[in-house]
Structures are given as C-alpha cells and as structure tokens.
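With the hints as your guide, set chain G onto chain C.
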Amino acid sequence: MLVTVDEAERHERELEDIWETKGGPFFGWFISVDHKSIGKRYLITSIIFLILGGLEAAVMRWQLAQPDMHVLTPEAYAQLFTMHGVTMIFLYAFPVLSGFSNYLWPLLLGSRDMAFPRLNAFSYWMFLLAGIAMYVSFIAGRAPDNGWFNYVPYANGTFDPGVNIDAYALGMILLGISTTVGGINFIVTLIRLRAPGMSLNRVPIIIWGTLTASLGNLFAVPSVTLAFVLLWFDRTYHTHFFDSTGGGQPLLWQHLFWMFGHPWVYSIVLPAMGIVSDGLPVFCRRPLVGYSVVALATVSTMVLGFGVWVHHMFATGLPVTSLSFFSSASMVIVLPSAVAVFAWLATIWTGRPQKHVTAFLFFAGFVILFVIGGVSGFMTAAVPADWQLTHTYFVVAHLHYVIIGINVFAVVGGVYMWFPKMTGRFMNETLGKWSFWLMFIGFNIGFFPMHIVGLQGMPRRIYTYPADVGWGTMNLIITYGAYLFAMGVLLFLINVVISRIGGKAAGSNPWGGGTLEWSVSSPPPPYNFKLIPIVARRHPLWEEELGEGQDRSSTNAKGFLLNHGRETLGTTMLDAEPDVILKMPGDSLTPLILALALSAFTVGLLFKLWIVFGIGGGISLLACVFWLWPERSLSQVER
Amino acid sequence: MRAVSLVALLAGISPLAQAGNPLGIFNNAGQDAQELSRLVALFGGVSIAVIVLIALLLISAIWHRRTADTTGGRPQRDEGGMPWIYWGVGLSAVVLIICMLFNLKTIAATSTPADDDGALTVHVTAHQWWWELTYQDPDSHKVFLSANEIHIPVGRKVKILLDSADVIHSFWVPSLAGKMDVIPGQTNVTWVQADEPGVYRGECAVFCGAEHARMEFRVVAQDPKDFAAWRSHQLEDAPQPQDAATLRGRLVFESRCAACHTLRGSSAAGMAGPDLTHLMDRSTLAAGVLPNDAGHLAEWIRDPQKQKPGTEMPQVPLSETDLAAIVAYLRTTH
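Sequence order for the protein chains is C and G. Be aware that the first sequence starts at 297, since it is given in this note's numbering, and climbs by one per residue. Be aware that the second sequence starts at 2, since it is given in this note's numbering, and climbs by one per residue.
One chain only, chain C, in its complex shape (with noise of 0.2 angstroms):
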C-alpha cells in the first residue's frame, strides 16, 4: 500500500485528473465540492459582507459625531445598527472562520478533503442565500431594525409590522441549517480524516478552535432556530409564546436567543484564537508553549460559555441566587483565557519573534486586545457592576474589542500567513505594515473611548444626544479613529488585490512552518497530497531541527497513494491508525439545487405563497433522493 514518492510522481497527472473540478469555469464553480475552493468562497463572501457592515458603521458614526445630527433618521438608524450587527456577527465574523477551517483542516489533517464534500458545498450555499436573504428586505425598503438581538415584544408584528423582521428570522433558520451541517461535517473529519499517526494530541489548535466551535454550535443553534420559529408563529398566527397579553414570556425570547447567543460569541472566537495560536509559533521559531493545556483550555471555554447567558439578563429582574452563579460561572472563563494569553507571552519571550513580518504583528496586536477585550468583560461579570454598565457604550466597547480584536485581527494576520499557501504569492509587506498600524492605532483611537463615554451614561442603540451630557468630544473621537480603522482594512482589501495580480512567488513554506499544510506546493494540487503521509509528531517539518526521538513523519517521502477514483483514508478516532479507503464523491450540482429548495420552502413558508412553498418542499425531497442514491463508484470495494 505505501509507496514512495518517486512511484507517487508517476501518477500525478492521474491524481490531478481524478480530483481536478470538470465542467469549464462558468459550470464548473456551481458543481465545485473541492474544500480550497469553497473555503476561498467562504472567505470573499464573508468579506464581501465585512465590507457592508463596515460601510454601514461609517453612515452611523457619522451620525453620533457631534449632539443633535441629522444625518439619519431614527428608523434608518435602527435598520443600520440592526444590519451591522447581523451582519457582523452572523454573516462576517463565523462564515469568515469556516472559510479558513474549510480551506485548512484538509490541509493541516493530511486529508484529500472534508469528511462529507458535497454537504460543505451545500453549506457554503446556504450561507450564501442567508445572508441574501437578510439583505433583501433592505433593498425592499426597510431592513430589521429592532437590533441584532431582537427582543420582543417590540419584534411582534404589533410594534414592528412588515417583512423585515420575518427576513431576518428565515435568514437565521437556513443559517442555522448551513452552521448544522457545517459543524457535523467538521466533526466528522476531525474523527476519521486524521493522516495516519495524527494522533488526537498531534492536531494544530486551530483544529481544536474549529471543533469546539462546532461541537457548541451543534447544541446551541437548536436554541436561536426555535426562538425564530416561535415568533414567527407568533407574527403569523398570533401565538402567544412571546406574548404577555396571552401569557406568554418576553424573557423567553431571552433566554432562548442567550443560550444560544453566548457559545455563538465563543465560536466566533475561539478558531480565531487557534489561528494566532499556531501562527505565532511560526513566527516565533519554536512550538507552542503549553500545546495540552491550550487545548483544554479552548475546551474548557467552551464548556463554561453554556452556563453564563444570563450574564446578558442581568437587569431583568430575576433572582439574586441565580445572578450570583451566572456571575461567577462567567468569572471563571478568565482561567482558561489566562492560559492562552500566558501561553502565547511565554511562546514570543523563549522564542525568536520575527518583529518585522506583518502577520506577527497582527498576531501580537491581537494578545494585547484580547486581553483589553477579555478584562471589560471581566467587569461587566460582576453583577452590580453591571447593573451600571450594560446597555451603555462600554458594552459596545467591550464586544468591538473581542469581535474586532480577537476575530478580525486574528484573521488579518491569518490572511497575511496563508495568503502565499492559497496563492502562491506573497503579501506585500511594506502596505502590511502600514495596514496594521492603521488599524491598530485607528482601532485603539475608535474602540477606546467607547468605554469611557459608556462610563458617562452613553446607552447603546441611540440614534442621537443632546449637547447638554456632555458625550460630544468622545463621540468626535471615537468617529476619527473608526474611520482611520476603515483606512487600514482599505488598505489591507487593496494589498489583497494587488498581491493577487502582482505578488512576489512564494514556495511551498515561506515562512518555514511546521505543519502538514507547508508540504504540499502553493497553492495545493486539486488532490492535497501527492501521498497521504503517515504523521509521527506534531510538527511534522520541525522533526530535524526540534530533535524528538528516532521516528520520523514520511511527507514527501512515502505514503499512502489512493488512485481509484476519488478516495482519502479513514483513520481510528484517538490515535488514527488506518482503518479503511474512503470512497469520496465526485462534483455535484445536487447541493446548490438542494439549498436553492429549501430557500424557496422557507419563503413560501414565510410569506404564505404556497405554490412556492409546495414546489421548493418537492424539489428538495427530490434533491435529497438523488443525493443519497446510492452509487456504484461509491461503494466499498475489497483491494
């Protein structure tokens, strides 16, 4: 079974014609389920959504520079910072990290692809249409606008009639379903796609990140799904779940959309958190300090991020018992961010940082705002504290520095690292550093004062103030540095685009890292690995230099060659022994038309047009059928 990579070169034509995408560009985008390129899809989309989020933040700062302005109009406010929100949290800051784990854990787990392609495909999909399908309501007139959270009542059909809150929530069902299927499909990998000898204790921590990630999502995306469906009962058919006049529970709504609210924040930071954890490694020239106790400790938050929503009630009335718990189960998650950030100081001060590249830069601004961002929340934790502080801008302060500091500069620096892996090409280095300092210092200067004018009174949601509180300077201030924050993400979108067209050619390890995904040329062949090689340490490209024990891992030298057809291996769950050839499928347009069904089934549902509810519900039944048929090509077979 194992052959050498010599034998293995003989059949790279025949690889490369296996997995390479039929069908033309045109065609052959739609039916692509090669992980690179939706992972790549993932990334633009979400960055794409980035910018719209970002363009509507510059209109509202605009409008709170000064007292008394009237750039906006209280409704457009709120459909601004309703879709900011929205946008951000559900449509930028996770899409954009299932982009990079969709494009990497292949890569970094000696795999030829995700454990279930044609549902990765089908996940991308629906991102996609959730996210047109929160839009569409903005270009029809009038967006959500009762905040990303959407409390009732105000968002019962009584106080907010229309089709923009029934938008949103068919947006968060079928984002619901594209996160479901997303999280099994990492799972699933994660447990059998493993190179032989990467162990569980052999993964990258973004693996782990991902995982966690995923694992949470599992369990609370059923909580956002059923507060969503719930109201929309309640806006169509006049149920009563939301309603106090019925005896229904607006705290219901509350308690449903912060069980599921909280591990989603922990989600959308912890793949980032992985990303910093092994890119500074690499550019610190040495292992991660603490690779167990990370680990954990990327689990451990996660564990702990189900027991704390009510830190998001905590002025809801509700009983003092269940605040002191609630407070101090969410004073607790300090130990194990404390053990990344000690992990990643004592990684930079035993190693030999490589001050001068960007993405270290991105990577050691990010520490810094972690820990600014992690102490703010520290403090709203506490109880009485809190009692003052939520609802004011220093709530805002406090998630722009764990959105913006822990997702966005993580993956900035992500891009800059991995950038010459998904291109071939290099950043250019000089617009790098400008386009951090831009945003570090622009951020500091925008994000900063947030805290202190939430400190003088400022709440959150205000379309404006009078000049009499006092908040006119912060307010000045705070726009200056958002806006110098927008010139460095320019600036970084711009070096994006050139170094795509102009970029300086990078080999197969730029940056001398130690991981699987450095093997293999830049960018990757359509297949991955010429030969799934068998993994011995955690650093599979360090083994010579770090030195540990006799046994070397095989990249590049032989491995496991898999030329039937689409094929990678199975691997035991714990210590990834071979166990089985696994049969992969080949491109499809299934997908697409599947997610393009069950949008239209939830519209029609939505919007009570019956015929397409009917058509989009038979279509998908259909699609399904078809998916799951079997096929011969899919088959085990004895060889």
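No lab work stands behind these hints: they were computed from the structure. Everything numeric in this text was worked out from a predicted model, so none of it was measured. Quick reminder that beta carbons are idealized off the backbone N, C-alpha and C, glycines included. You may find that some hints are simply not true.
As the list claims (entries may be wrong) - Simulated restraints on C-beta separations:
#, chain 1, residue 1, chain 2, residue 2, range
1, G, E197, C, W733, 46 to 56 angstroms
2, C, L905, G, P139, 50 to 60 angstroms
3, G, G156, C, A763, 27 to 37 angstroms
Claimed, not checked - Output of the computed footprint for chain G on chain C, the stretches with three or more beta carbons under 8 angstroms from beta carbons of chain G:
#, stretch
4, 543-556
5, 704-710
The following block gives chain G in isolation, referenced to the frame of chain C:
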C-alpha cells in the same frame, strides 16, 4: 464619596467622575449607587493593572535581549515556557477569587430588599416614549398620576415598581441606582435613594423603538418637608381659569385633547397620554426633549412629529388662536 474618588483616581479613571456628565455613573448621590461605582472602580482598577502588566510583558517578550541566533532561523525547542502559564494562571486565580468575593459582597449589600412597610412607592409605567408615574398610597384618595419627573424625599429609600405598557424599556438613574429592565407581563422592583437634594437625570437604556434615544426622565430629590408640600399640592386639581382666554383654552383642550390626556380641573380624562394636571411643575416636555416654556409648548403641540419623530402624540389640526388658547391654559397648570 471620597473613597470612590480615591479608587477611581487610582484606577486612572477619575476624569470620568466629572460634573459635565449628568448621566455619568460616578456622580453618585445615593448609597447604593456608591456601592456600585465602588465595585466598578475596583474591577476597573484591577483591569487596567492587568492590561498594563500584560502590555509590558508583551513588549518585553518581543524586544528582550536574546543570545545571537546561530541556527539561521531554524525552529528550536525551549522548554522554559511552562512556568509562565503556571504563574500567570495561578496569580490570575488569586486575583479572581478576591474579586469574586467583593462581587458577591456587593450583590448582597445592594440587593437586600429594604423594609417594604411604609416605603414610599412610585409605580412607573414605561410607554413608547415617556414615563407614566403613579404615586401609591394606602388611601386611594391620595393616589395621583404624573409623568417624566419623579419627586422623592432625600434620605429615604423609595420603592419603584416597573411595568411596561408596550415593549421592553429599562429604568436608569445613574446617580442613584443601577438599571432595571421594564418588561411587559412582569412587575420589576427597584429602589432609589438620594442623600442630597438635587435633580438627577434618568433615561431609558434598552432599545424600544424609533425615539429610544429621547426617553429621558428626571428624579427631583427634595427635603422631606418640601416633598410633603409638593405631594399635597399634586393632589389638588389644576387652578380654575381666571380669564376669558384661559377659559377658552380649557374648552378647546377639553374638545381636542381629552381623548388622550387627563387634566384634573377640567373634564379631560383620557388615559393614553401623560396626566397634565400639574404640567407646569415639570421642567421638560416630551420626556426630556424640550424645555418647558410657552414657546416650546406651542411648537410641541403644533407639530409633535417635527420635535420627536415617531411620537405617539398626533398632530391635532388647530387654528393659531386655538393653539394660543390651549397654551395659555396649560401655562396655568401649576
């Protein structure tokens, strides 16, 4: 007060405890608010110390002196890193536990219900976008309504019952107490206490629709004697019109405004809008949006949507003379 300022100063956030921010959280005027800001200052101080410490560690981790690199950038294993995690997490845990104890102590101190018996109770009903007030009393003849301006006696804990007429709001007077959400279908309770006479500003803190930004109120803390006088004055009807102009004003008011407003002393008894019996005793109109003077009152009645877009108050078509008459009448409602 001084202790709070001191801690705040230590935390480097004392510039925030300034008079220029009437809604700032460090201008406390009551015991509970003081407990809260002391905890904010303590946690803030710890947080700032942590940020500074980690920033210094990060900077020195990057730039500290290293032996010359002889490996040409090859990765190396240095086993010296783990103590960072042991010490870092260990020390964090100690600080964390101390902070948690302070947290629980403050929770206990600020959430112990005050003695309910005989406490002055104000029932606040939040509306889009104003505050209806009912001063409760065991004697039903002494119950009266008001809006947007809560008078309380200094030195006493006043019980606030919170109900909503429509959506979720949040009741917040930063100088006197933390927030309490106002949720339809449940009556939340909070307490306010002012130790010094003064006017303390409050606002709605949860998004409640278009004019969430302009849903202010005021708490006027008075000497107990002044408060008692104010209270008994509120129980009286509005003065009777003394001249032809105000008499006409009352007639117009009764025919055009009575569907929504109550004004004791006239026949107007509507319930949808604020009780206007002693409107002129309040300092603002439309929940803090406009100062309460003749000009603004006329502007407000002429076109409420222009002053506060989205407000539930409709634009009632009125001739200029009718408008002037209503204003003249309302100006007498002391």
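Output the indices of the hints that this structure fails to meet, ascending. Hint 5 alone not satisfied by this model.
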